[in-house]
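**Q** Each chain, written out:
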Amino acid sequence: MRGLKISLITLFAVLLVLPAAALAANFAPGGLDLVVSPPSVKIGATYDGTTLTVTGKAPAGSDVVVRFVGARTELHMKEKGRALGLLWMNLASLTIDEVPSVYLVTASKDLDALGAAAAPYRLEQVSQDIVITPADKDTPVNRLELLKLRREEGLYREVRGGVTLSPADGASQEFRAVMPVPSKLLPGEYSVEVLALKDGKLAASGKTGVPVELVGIPAKLADVAFNHSLVYGILATIVALLSGLAIGLVFQSKGAH
Amino acid sequence: MAIPLHLYLPIAGNSVNVAAVLGLGVAVGLLSGIFGVGGGFLMTPLLIMMGIPPTVAAASDSNQIVGASTSGTLAHFRMGNVDFKMGLLLLVGGVLGGTLGVQVIKVLRAMGNADFLINITYVLMLGFVGGYMFLESLQAMRKNKKPAQSSQEAGAEPQKPKKESAYARCIKAMPWQMDFPRSGIRLSVLMPLVLGVLVGVLSAIMGVGGGFIMVPVMVYLLRMPMHVVVGTSLFQILFTCVNVTIMQSVENHTVDFVLALILLLGSSFGAQIGAKVGKRLHGEQLKILLASLVLVVMGKMLYGLLATPSVLLAYVGGH
Numbered sequence: 001m002r003g004l005k006i007s008l009i010t011l012f013a014v015l016l017v018l019p020a021a022a023l024a025a026n027f028a029p030g031g032l033d034l035v036v037s038p039p040s041v042k043i044g045a046t047y048d049g050t051t052l053t054v055t056g057k058a059p060a061g062s063d064v065v066v067r068f069v070g071a072r073t074e075l076h077m078k079e080k081g082r083a084l085g086l087l088w089m090n091l092a093s094l095t096i097d098e099v100p101s102v103y104l105v106t107a108s109k110d111l112d113a114l115g116a117a118a119a120p121y122r123l124e125q126v127s128q129d130i131v132i133t134p135a136d137k138d139t140p141v142n143r144l145e146l147l148k149l150r151r152e153e154g155l156y157r158e159v160r161g162g163v164t165l166s167p168a169d170g171a172s173q174e175f176r177a178v179m180p181v182p183s184k185l186l187p188g189e190y191s192v193e194v195l196a197l198k199d200g201k202l203a204a205s206g207k208t209g210v211p212v213e214l215v216g217i218p219a220k221l222a223d224v225a226f227n228h229s230l231v232y233g234i235l236a237t238i239v240a241l242l243s244g245l246a247i248g249l250v251f252q253s254k255g256a257h
Numbered sequence: 001m002a003i004p005l006h007l008y009l010p011i012a013g014n015s016v017n018v019a020a021v022l023g024l025g026v027a028v029g030l031l032s033g034i035f036g037v038g039g040g041f042l043m044t045p046l047l048i049m050m051g052i053p054p055t056v057a058a059a060s061d062s063n064q065i066v067g068a069s070t071s072g073t074l075a076h077f078r079m080g081n082v083d084f085k086m087g088l089l090l091l092v093g094g095v096l097g098g099t100l101g102v103q104v105i106k107v108l109r110a111m112g113n114a115d116f117l118i119n120i121t122y123v124l125m126l127g128f129v130g131g132y133m134f135l136e137s138l139q140a141m142r143k144n145k146k147p148a149q150s151s152q153e154a155g156a157e158p159q160k161p162k163k164e165s166a167y168a169r170c171i172k173a174m175p176w177q178m179d180f181p182r183s184g185i186r187l188s189v190l191m192p193l194v195l196g197v198l199v200g201v202l203s204a205i206m207g208v209g210g211g212f213i214m215v216p217v218m219v220y221l222l223r224m225p226m227h228v229v230v231g232t233s234l235f236q237i238l239f240t241c242v243n244v245t246i247m248q249s250v251e252n253h254t255v256d257f258v259l260a261l262i263l264l265l266g267s268s269f270g271a272q273i274g275a276k277v278g279k280r281l282h283g284e285q286l287k288i289l290l291a292s293l294v295l296v297v298m299g300k301m302l303y304g305l306l307a308t309p310s311v312l313l314a315y316v317g318g319h
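Protein chains in written order, with my numbering: chain A, 1 to 257; chain B, 1 to 319.
There's no promise every hint is true.
Capping the alpha-carbon separation at 30 Å, the derived lysine-lysine pairs in DSBU-like fashion look like this [claimed, not checked]:
no.: 1; chain 1: B; residue 1: 106; chain 2: A; residue 2: 80
no.: 2; chain 1: A; residue 1: 137; chain 2: A; residue 2: 57
no.: 3; chain 1: A; residue 1: 137; chain 2: A; residue 2: 148
no.: 4; chain 1: B; residue 1: 279; chain 2: B; residue 2: 106
no.: 5; chain 1: A; residue 1: 184; chain 2: A; residue 2: 42
no.: 6; chain 1: A; residue 1: 109; chain 2: A; residue 2: 220
no.: 7; chain 1: A; residue 1: 78; chain 2: B; residue 2: 300
no.: 8; chain 1: A; residue 1: 137; chain 2: B; residue 2: 106
no.: 9; chain 1: A; residue 1: 184; chain 2: A; residue 2: 80
no.: 10; chain 1: A; residue 1: 109; chain 2: A; residue 2: 207
no.: 11; chain 1: A; residue 1: 78; chain 2: A; residue 2: 42
no.: 12; chain 1: B; residue 1: 300; chain 2: A; residue 2: 184
no.: 13; chain 1: A; residue 1: 220; chain 2: A; residue 2: 57
no.: 14; chain 1: A; residue 1: 148; chain 2: A; residue 2: 109
no.: 15; chain 1: B; residue 1: 143; chain 2: A; residue 2: 148
no.: 16; chain 1: A; residue 1: 148; chain 2: A; residue 2: 57
no.: 17; chain 1: A; residue 1: 80; chain 2: B; residue 2: 300
no.: 18; chain 1: A; residue 1: 78; chain 2: B; residue 2: 279
no.: 19; chain 1: B; residue 1: 279; chain 2: B; residue 2: 145
no.: 20; chain 1: A; residue 1: 42; chain 2: A; residue 2: 57
no.: 21; chain 1: A; residue 1: 148; chain 2: A; residue 2: 78
Covered by chain B, according to a simulated footprint, are these stretches of chain A (three or more residues, beta-carbon under 8 Å) [unchecked claim]:
no.: 22; region: 39 to 47
no.: 23; region: 147 to 153
no.: 24; region: 161 to 170
no.: 25; region: 176 to 190
Quick caveat, the hints were computed from the structure, so don't treat them as lab data. C-beta: ideal position from N, C-alpha, C; glycine also.
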């Protein structure tokens with residue numbers, strides 16, 4: 001009886017709070033609803049990159065910028081330089097913090113055409129946001145080199161024309177963004193953010209988390225590799241030995257015939 | 001299709017084209033079957049180009065070499081080309097040397113500019129070893145040709161007995177002489193032990209498997225026949241790489257088993273073919289080909305040091 005009473009009270013409380021929460025989401029400044037499909041990225045054995053589709057409604061007449069961003073991490077790096085003025089090699093060490101693991105951005109127009117309003121969401125801004133230590137290594141060259149390195153790895157990209165807009169329907173218009181996610185992807189928490197720009201200002205925005213997780217064989221292997229590393233090493237060695245032996249024996253039997 | 005075109009590598013954090021990795025495995029396996037080298041000099045940079053982090057590329061390469069060298073050792077063993085006694089002595093020395101080398105590198109790093117020293121030493125050594133081997137085998141091949149021609153013209157000419165060099169006398173004077181029937185030589189036990197330590201130190205400092213150093217050491221300093229050198233080197237590499245695979249798995253979690261498995265299927269196959277190809281070549285031909293390979297690797301390293309890199313930042317743990 002007592003349990004039932006408590007559940008009833010809880011139910012009422014939830015019913016009371018729910019609409020309030022929904023109202024808050026709808027009317028929050030810049031509130032914009034978006035749907036990401038698939039809602040999470042599952043990395044199985046045959047994962048080779050995927051495509052996220054982001055849909056929703058933005059204020060009519062706005063341009064839409066969509067970005068896919070990974071968690072910000074710290075990187076330990078070496079600066080390449082010339083030793084004795086002749087030979088290139090890794091010289092000074094530096095640490096770069098606040099580096100997004102992945103940064104993909106696309107828009108309904110060419111990002112250049114969107115001008116200053118889109119600037120905070122572009123790759124150049126990422127190079128401004130990172131923190132380089134020690135201070136004497138914090139040079140514009142190093143900031144740009146990091147961007148270049150991540151671009152070459154396919155982790156940072158400004159994708160052209162990934163967002164299509166439907167004709168305006170009253171105060172809003174539908175958008176649909178196609179975001180190609182690279183194959184070089186580690187499990188973790190990522191986010192998709194939609195920014196509607198109108199008259200050179202941010203008119204509305206929305207954000208949703210996209211978890212990336214390992215499933216199937218990769219998940220099992222990673223678990224053994226990190227949690228039972230000795231077993232993993234020994235097993236990897238044994239399988240390699242046995243495969244080498246097996247292939248050796250196959251050749252022997254071939255030679256005998 | 002039954003075999004997927006791409007597979008995701010859980011430790012490397014990227015997907016690779018299975019056919020490309022398999023092909024790379026076959027190519028490297030072929031080299032190790034012919035020359036008795038691990039092939040890391042080729043494998044690691046190509047894997048990095050495919051988008052595998054350098055540390056994962058190197059560690060997974062060690063894992064695949066276990067498969068390739070097992071297969072290659074087996075093939076050479078059947079041809080009677082593995083000197084187990086010599087291999088084990090070199091191995092004992094190598095393990096001691098490797099441990100010592102790790103300490104040496106710590107001291108060098110603390111002194112600063114270690115990378116510079118290591119790179120220069122490596123390039124110079126590859127150049128010296130490759131150049132010497134190349135010239136020596138070229139001369140030997142010419143000598144072999146000449147008597148054959150003259151014997152046709154003026155009948156058989158008895159070969160002059162070689163004058164014993166100071167080095168050969170020195171070897172004979174060392175204590176604890178032992179017979180190595182498989183290689184057909186008699187040496188002091190100290191020789192393979194000490195040289196094993198030396199190679200172990202060098203490969204630990206330079207972060208390479210040591211095949212390029214070990215093979216010339218066996219040919220010129222231990223004076224073993226080239227074919228036995230290849231088989232014995234593979235036998236030795238097998239143990240080194242078992243050790244590296246387990247150590248890397250435990251300490252750095254950098255062995256990607258999926259990657260290693262695809263590679264080793266290719267390379268175990270390649271090693272068998274390589275052993276057969278090697279059998280058809282003469283010792284001098286093998287030496288001159290290996291010397292060319294060593295010189296090419298040296299050229300590539302030198303180019304890497306001289307050319308302006310495309311990106312001026314590198315992740316720590318890379319090359």
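**Q** Which numbered hints are broken by the structure, listed smallest first?
**A** 2, 4, 6, 11, 13, 15, 16, 18, 24
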